[in-house]
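Chain residues, written in single-letter form:
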Amino acid sequence: MATTIPIGPYHPLQEEPEHYLLTVEEEEVLDVDVQIGYNHRGIEKLSEKKTFNQVPFVVERVCGICSHSHPYAYCLAVEDCGGIEVPEKAKYIRTLIGELERIHSHLLWAGLAGHFIGYDTVFMWAWRYREEVLDVLELLTGNRNAYAMMKPGGVQRDIPREHLEEARPSLTTLKEKSEMLYNAVLDDPVMKARLEGVGVLEEEAARDYGALGPTVRASGIPIDVRADYPYGVYDELDWKVITRDAGDVLARVEVRLLETLEAIKMSEQIIDEMPEKGPIDSEPENVPPGEGIGNYEAPRGECFHYVGSDGSNRPVRHKIRAPTFMNFPTYKATCVGETVADATIILASVDPCYSCTERAISLKGREGVDLMELSVERTEELKREFGLDESPLEEVLNE
Amino acid sequence: MNWKSWGISKSPWLYHVNTGSCNNCDIEVVDCLTPKFDVERIGGKLVGSPRHADVLMVTGPMTRKSKPRFERILEASARPFIVAAVGTCACSKGIFHDAYNCVGPVRKVTEDFDEDIMVVNIPGCPPRPEAIIEGLDAGLKALKEVEI
Amino acid sequence: MNASSFKEELSGRFGWKVGKTEKSSGRLYVNPEPEIFEDMVEFVFKEHGGRLATISCVDEEDLFRLLYHFSLDDRGLMVTIKLPVKKDGNPSTKSIANEIPGAEWIEREIREMFGVDFEGHPAKKRLLKADSVGDEDFPFRKDFDVENLEVD
Amino acid sequence: MVGGLVFDFFVFPGLLFTLSAGVIASWLVRKVSALVQWRVGPPLLQPAYDIAKLFGKENIIPEESLEWSYLLVPLMGPAGLLLSSIILVKANYPGTSFVGDIIVLLYLLVLPGLAVVLGGMSSGNPLSSLGSNRELKLIIAYELPLLLAVTAAIVNAGGGLRLAGFTSEPVVASISGAFGFIAALLCIQAELGFIPFDSPEAETEIMGGPLIEYSGPLLGLFKISHLMALLVLPLFLVTVFLGGFSTGWGALWGALKYVLVLVGIILIKNTNPRLRSDQALKFFWYGAAPLALLALVLAVVGNLAGIGWL
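Chains as they are written, first to last, in my numbering: chain V, 35 to 433; chain A, 3 to 150; chain P, 1108 to 1259; chain R, 133 to 442.
If we strip away everything but chain V, and leave its shape as in the complex, we get:
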């Protein structure tokens, strides 16, 4: 048994707060052990010191990529606890920011997944067009991330009409580019060979682990908080829950890409139907004693917030559960038994929040070979098997 290299070769883009330890026998993964906690800042304890209106700003910094999801779920919880009504226009603004964030989060993940299997062109390409969405979000909310739009009972700021009109052209370019990416990904033989039938999450296991979001929808279970517990204006928009049955990594890629297209379609509808005038905040005075649950469909799955209040202006108890917390342990069902070279992309396929996907993976039982490299070579072998030096996906993206 070779010695365990203490720190895996770290990823140049991001140092890894989460460390995996894979036990491997020849080519097969036996067990995965994860040490997390580097990111634990004790946010739940912090929000008990803040008033109800201050908590959204704390909760926004739980995760950098879905900084609209947590405040939205928190506001839903407070509104559920206090029976607070939200004006129509505020619902429209909230849903618009939510869908734009879904686009930027899924594009970020598409770039990362491409990088993990050795397609750096996909990485550069996806992150280049993600800037479009970030510009739109900055136009509407003033910041690329951490938008600070949410407030229990409504929204902090209104969005003028001309800003909405300015956002339209970017959405159309995004639609073409995402469609191009979607078609290119699906009919690329190397991508298919690399991701099909890999890291399959059975429907039964998905229910046991309580998996959420695209990870569970790719296993054929149509769980989607936007449809099950309609909030915002989702019941007035025409959209559909996207599911696939295969449950493998390719299915998850497909669900995420189709959801991006769906999100673009919804954003355009919202821009058309956004009411001109109308209040954007119902100014709730206080929150009556009681408890409230808020769940929101974040890009990675259901974001769950529980708020307990005793009538004062501070929450008595605030429980936060991010979607990755439930999706992460599914690696026991999807990663064990697979080949080593696929371990990186399987762990990344549940789209754990960006920094959890890293490959600071150290290996027992193998002479410290780094997983990222194995994953990249696996793609190259397949390219040679198909006799291509540049896969169709890369050709499409290169011109």
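Careful: at least some of the hints might be erroneous.
Residues from chain R shown here face chain V by an in silico Cβ test under 10 Å; the list is partial [unchecked claim]:
1) Q169
2) W170
3) Q411
Simulated from the structure, these hints should not be mistaken for lab results. No residue lacks a Cβ here, since even glycine has one placed at the ideal position from N, Cα and C.
Once you have looked at the hints, place chains A, P and R on chain V.
Just chains A, P and R, lined up with the frame of chain V:
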């Protein structure tokens, strides 16, 4: 201004340290490398080891578990180097100032470790890539004044 | 309203032991008697396909109250089963991680943050707490004072 | 006499020339790679700034490292390359070369790779020894085809073991010369540690590979040896396979050939993914070596049968 600090200002090699950040700033640091902002124009390059590093790009409010690791990295880096605290959390623990598990802004931890390391604060949540590059530039200029 | 219809099913199955319940739109809170707690979890999770969203632990003066949140997605109903755990000496309850693997991490976090022990839990390890925070310090308890926590 | 020697050693073919040409070559490589990724890329003198900065940095010597070898090994690379650069330029320009200088050259060209391996081994870090044994695997891989290709060239150019013998007419004109040139080009690609053969010191991927513990001046020495290699190795190819260069117009023509070889290396670098070290071994031993062997056989047959183009 001696040639050592002139050298660093001409080719600042970056090493990225995440001490429990919500990875909002980490993505902006990575954005500095992508085509739109490209830090290589001013000689910047992401390196793989603290030994090779000139600028430590530190993000996050320094959670309790990350502190010993960060100190080991400070020890391992070759002098002279700058610590760039990227983002409000790194500058002043920001919104996590009274969180039980966050043990202090980067400046305090660095100064407890060794006072004459220079710390540059780049506020913003997240700071725009242009702000990060400007902060880097300001830090390198400040380093020129200091006699090494 | 689906909350009351589900309550009927519960009372039909467990009778008075279902205890006091509160209902609001899409939410149902149940305070069952401790002895039928496992069967009710079994009933909601297995028979009705309820998905375990999470377990919240509320630190009241004399006891911890564990709130098991189950989501019945097809009905759009969130059922919360409340279980009081006394604070004497070593507060503990039975772990459900063996039937519901998803609960493993959730129980580990509550164990290290509140000190509620879960008997029969497959992997009693730390999850988030830093090594410098002692095993006996439970940061999320109300009576935990942050100041004296030394910073190594 | 001594004055001439000092001038040769320090100014023209020696330190100054090799370093400045290396800086420009390294800038060209980084600039082209950046442009391929829609990026702007570094300013012209960036490699020089990098080295100047490195010499200003603190030199950390880890306890677990083997002190004397950790300190001395970095000098091997530049020393070897400096000597080989002098031999090479001397053989082309005034044409003074001694019998067997090509063999000396082949020995000297192994020194930089060896320096990285020994440096990694002696710095006492598990990651760097991992990088070193990969570098060693790579050296084994590309030495064999390189030697075969050079022997094919020697046979092709009439069997004299003098570098000057090559500058009469370009060896690459014949089929064996062409095969030999391709095999040698791939070996040079690996010796320079460029993608697709850069897994040992993958700059971005592994934590700096064998050079993980080096910092400051010692790391500067390794970067200098890389710069010099960027000049010497393509120059070696130009001299052996493409007929070298002479004075006046010949020098310009020679420089053009050099730039052509460099651009070839850059293209290979930017259009290929990274190969694992054992795959690189397979590629060289089953790919490049047979090609070089074929070149040798063709050269021998050509020589015996007196057919020029073979």
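Status of the hints after comparison with the structure:
no.: 1; hint: Q169; result: holds, 6 Å
no.: 2; hint: W170; result: holds, 7 Å
no.: 3; hint: Q411; result: holds, 7 Å
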